[in-house]
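So the protein sequences, as listed, match chains V and L. If you count the first sequence from 1, you need to add 2 to reach our numbering. If you count the second sequence from 1, you need to add 2 to reach our numbering.
If you're looking for bench data, these hints aren't it; they were derived computationally from the structure. Values in this document were obtained by computation on a predicted structure and should not be read as measured data. One should not assume that every hint holds.
Which copy is meant is left open, so a pair is good if it fits within one copy or across any two.
Derived lysine to aspartate or glutamate pairs resembling EDC-like cross-links, with alpha carbons at most 20 Å apart [claimed, not checked]:
1. LYS165 <-> GLU143
2. LYS218 <-> ASP190
3. LYS165 <-> ASP146
4. LYS165 <-> GLU32
5. LYS27 <-> GLU67
There are 2 protein chains.
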Amino acid sequence: MPTSPRAVVLLSGGLDSTTVLAIAKNRGYEPCALSFRYGQRHAIELDSARRVARAFGVKNHVVAEIDLRVFGGSSLTGQAEVPKDRAALETHEEIPSTYVPARNTIFLSFALAYAEVLGSADIFIGVNALDYSGYPDCRPEYIDAFERMANLATKTGVEGRTKLVIHAPLARMTKADIVRTGISLGVDYALTSSCYDPGVDGRPCRRCDSCRLRAKGFGEAGMEDPLLLRFGSG
Amino acid sequence: MPTSPRAVVLLSGGLDSTTVLAIAKNRGYEPCALSFRYGQRHAIELDSARRVARAFGVKNHVVAEIDLRVFGGSSLTGQAEVPKDRAALETHEEIPSTYVPARNTIFLSFALAYAEVLGSADIFIGVNALDYSGYPDCRPEYIDAFERMANLATKTGVEGRTKLVIHAPLARMTKADIVRTGISLGVDYALTSSCYDPGVDGRPCRRCDSCRLRAKGFGEAGMEDPLLLRFGSG
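Could you put together the complete structure from these sequences and hints?
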């Protein structure tokens with residue numbers, strides 16, 4: 003049996019990255035998962051990442067420690083309130099306070115290091131340019147620019163070696179498309195968590211941007227969110 | 003008195019980054035230094051970084067903790083021997099084992115986060131494409147690609163905001179030029195350290211790539227290295 007090529011999958015344990023993991027596996031890759039403990043207040047998502055990785059039989063799962071609190075600058079890593087019921091969510095008119103400076107660039111940089119050590123030429127990331135919160139580092143032109151830079155940065159990119167590809171399979175999908183795709187690939191979304199400000203038991207707040215985008219996705223796909231079923235309707 | 007614009011300077015405490023700090027200050031910026039504890043075996047360089055920052059009156063100096071050992075893959079962060087007296091140093095024919103996967107990309111990503119939080123549009127890095135060890139992420143085309151990506155990644159890069167610039171003032175300088183420039187700007191190179199495998203007292207090994215490139219620089223500039231004078235000729 004031929005060996006599957008390895009791919010690094012950035013895995014937060016949320017809806018998007020879990021779907022990406024399923025897509026990478028479905029495309030014939032052996033997914034190697036990379037998660038971060040970065041001072042996020044919703045560190046409970048790491049438990050979800052571990053559950054998801056186990057459910058997909060992932061053999062290599064690295065949790066990298068990086069302290070983004072050293073710079074401050076985001077309500078996701080600081081003491082400030084996570085905004086709830088934000089009116090500008092649909093319009094992308096402002097960049098919300100939950101934006102963590104350069105987060106995807108830092109995450110992709112670590113993925114690049116991991117890929118190089120694994121001998122992998124494929125990185126998967128769950129950015130999405132339609133149903134998103136207005137973060138600049140989720141745009142397709144950003145991902146293209148990162149890929150170009152990455153091919154100049156590493157041994158992989160040196161002449162004659164395999165080209166490194168950043169896969170962003172959700173880039174042009176709606177949240178409903180993402181949910182439908184995941185369900186068709188056997189994702190159990192009860193294992194995932196999306197909330198920026200969950201309760202100690204992991205109960206989602208249902209009012210932050212991330213909870214609202216998730217609810218929109220399940221609603222438009224005409225499905226119940228199994229995570230909400232787990233926590234009851236209250 | 004008008005305020006100087008802030009610039010993030012990546013400061014390892016070595017010869018190159020210290021010279022870059024002096025250049026940034028000389029160009030009218032208020033340098034904000036960023037150093038890393040990344041599992042390097044030569045962590046003594048952080049002491050040099052602190053000494054250098056103090057000598058230049060730097061008010062903001064962040065030391066970020068990142069554990070690159072989680073991936074393995076380099077003799078600079080692992081248990082393997084640092085290569086000495088390497089024949090390929092001059093020819094750049096191979097990428098040496100001291101190469102840390104994606105290191106400059108990770109460092110620049112953190113600099114990008116710091117710049118964004120500071121409201122700075124300028125990042126300085128001491129990469130050098132002439133007298134270097136053959137690392138792919140020291141080439142000017144790599145730095146250009148990073149800058150392009152960075153301008154798509156961040157709030158700064160969103161339409162109408164200031165363009166972020168990655169300054170690599172040493173890119174096309176020889177080590178001798180770098181030494182001469184630093185001396186002319188008042189750098190005390192006795193404060194710096196370059197060795198990949200120093201003794202516990204900070205004494206340089208004189209045989210790793212970094213020590214040899216440094217010696218070449220002082221030699222071609224016709225100067226004595228004050229660091230070697232500090233440790234005696236032995």
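Hints and how they fare:
In this assembly of identical chains, the alpha carbons of LYS165 and GLU143 lie at most 20 Å apart whether taken from the same copy (18 Å) or from different copies (16 Å). For a Cα distance limit of 20 Å, the shortest separation of LYS218 from ASP190 inside one copy, 18 Å, qualifies, whereas the shortest one across copies, 60 Å, does not. Proximity of LYS165 and ASP146 under a CA criterion of 20 Å is satisfied in both settings, with 13 Å inside one chain copy and 19 Å between copies. In this homomeric assembly, LYS165 and GLU32 come within 20 Å of each other (Cα to Cα) only inside a single copy, at 18 Å, whereas the closest approach across copies is 39 Å.
With identical chains, the CA atoms of LYS27 and GLU67 are never at most 20 Å apart, being 25 Å at best within one copy and 32 Å at best between copies.
Hint 5 from the earlier list is the only one contradicted by this structure; the remaining hints agree with it.
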